[in-house]
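Visitor: From just these sequences and the hints, can you work out the full model?
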Amino acid sequence: LEWVRGDAEALPFADNSVDCLTIAFGLRNVTRTLVALKDINRVLKKGGRFLCMEFSHLPEGPIKDAYEAYSFHVIPPLGKALAGDAQPYEYLVESIRKFHKQEALEELMREAGMRHVTHTNILGGVVAIHSGFKA
Amino acid sequence: RDQEDARSQILAASLKHVHRYGWSHESLAAGAKDLGFSPMMHGVVSRGGIELVEHLRDQMHKEWVGELEAAQTEGMDTTEKLVMACRMRLMKQADYMSSWPQALALQTLPPNASSAIAHLAVTSDRAWLFAGDASTDATWYSKRLMLGGVYVATEVYMLTDYSVDFQDTWSFMDRQMREVQGAGARANLAVQQIEAMLQQALQTMKESQRKQ
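For the protein sequence lines, the chains are P and G, in the order given. The first sequence begins at 44 in the working numbering and counts up one residue at a time. The second sequence begins at 586 in the working numbering and counts up one residue at a time.
These are computed hints drawn from the structure, not numbers from a lab.
Below, a list of computed lysine to aspartate or glutamate pairs in the EDC-like style, where the Cα atoms sit at most 16 Å apart:
# : chain 1 : residue 1 : chain 2 : residue 2
1 : G       : Lys618    : P       : Asp62
2 : P       : Lys81     : P       : Asp58
3 : P       : Lys89     : G       : Asp619
4 : P       : Lys88     : G       : Asp619
Beta-carbon label-pair distances, calculated as ranges:
#  : chain 1 : residue 1 : chain 2 : residue 2 : range
5  : P       : Phe115    : G       : His704    : 51 to 61 Å
6  : G       : Ser699    : P       : Gln130    : 50 to 60 Å
7  : G       : Gln657    : P       : Glu154    : 52 to 62 Å
8  : P       : Leu94     : G       : Leu694    : 23 to 33 Å
9  : G       : Arg632    : P       : Asn164    : 12 to 22 Å
10 : G       : Gln644    : P       : Lys89     : 18 to 28 Å
11 : G       : Tyr747    : P       : Asp58     : 47 to 57 Å
12 : P       : Thr161    : G       : Ala690    : 19 to 29 Å
13 : P       : Thr161    : G       : Thr693    : 25 to 35 Å
Source: prediction; values computed, not measured. Using N, Cα and C, we set each Cβ at its ideal position, and we do this for glycine too.
Guide: Following this line, the structure appears as structure tokens:
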């Protein structure tokens with residue numbers, strides 16, 4: 044196993060060099076999603092697969108309202124009580140809210156050059172796994 | 586759409602790898618590689634090996650229907666025509682016999698079973714059509730059910746038949762057909778009796794309504 048440190052928007056790998064690329068709970072923290080997706084597409088080989096697991100969105104309704112209430116009113120105080128700092132947990136829930144919805148992320152992936160783009164919801168949409176292939 | 590094209594191309598290219606890797610994503614990955622894609626492209630065939638089985642199944646069915654339309658059946662009785670039709674269909678699987686147990690097993694899995702049963706129903710119906718069946722009563726159902734049973738039993742028998750040109754399989758199927766005809770005649774009679782009873786009941790109900 045080789046460990047490499049780098050920038051998701053400028054990956055330190057050659058073009059067309061990778062069969063599969065995965066990112067879990069990381070894409071949300073990248074400043075410019077499309078830039079990262081384009082670079083991911085660059086390093087993939089033809090037919091190579093990109094898989095992303097990330098927090099996503101629930102459909103409108105009472106479950107979503109309950110989840111939001113929990114996110115904004117329970118998680119930060121819990122973070123304060125257990126980790127001594129509420130701010131990272133405020134960042135967490137805000138970044139979740141700001142991240143692209145399932146279909147919007149699919150569109151960005153297609154814009155980056157990927158095909159056969161699909162997603163699967165986990166827990167109704169709290170988390171989503173997106174999949175795409177380099178054309 | 587180009588997405589459908591890629592999937593179909595991969596399925597077609599993967600069949601030749603089934604002898605080595607079975608009905609699996611390994612075969613699909615090998616097929617994708619042949620086409621110049623990364624082996625990861627097997628993921629485009631989202632349900633994996635079963636889609637490869639279904640692809641071959643549909644292909645065999647199409648070819649078979651075309652061949653039935655051109656077939657000669659002079660002087661053959663119904664049973665002989667049914668055996669001929671089923672034999673023509675089953676022979677198409679001969680090349681894949683070493684991996685066919687796996688294909689059958691995949692088709693019995695819950696997510697795959699209903700489409701496999703639907704395919705069996707279509708096959709049975711087409712064979713009866715070939716044999717000249719024009720029934721419009723309840724025997725339409727009993728005939729197709731019976732043939733479905735014989736077909737499946739024959740398909741399983743074929744898995745371990747090593748005789749020349751599968752001669753033993755066709756003898757087995759012929760015996761099963763004739764045996765089931767006897768049972769079939771009795772079942773048809775029972776079905777017809779039930780039908781008659783139901784019609785009687787309906788008549789009685791109509792009459793009692795008119796009297797009111």
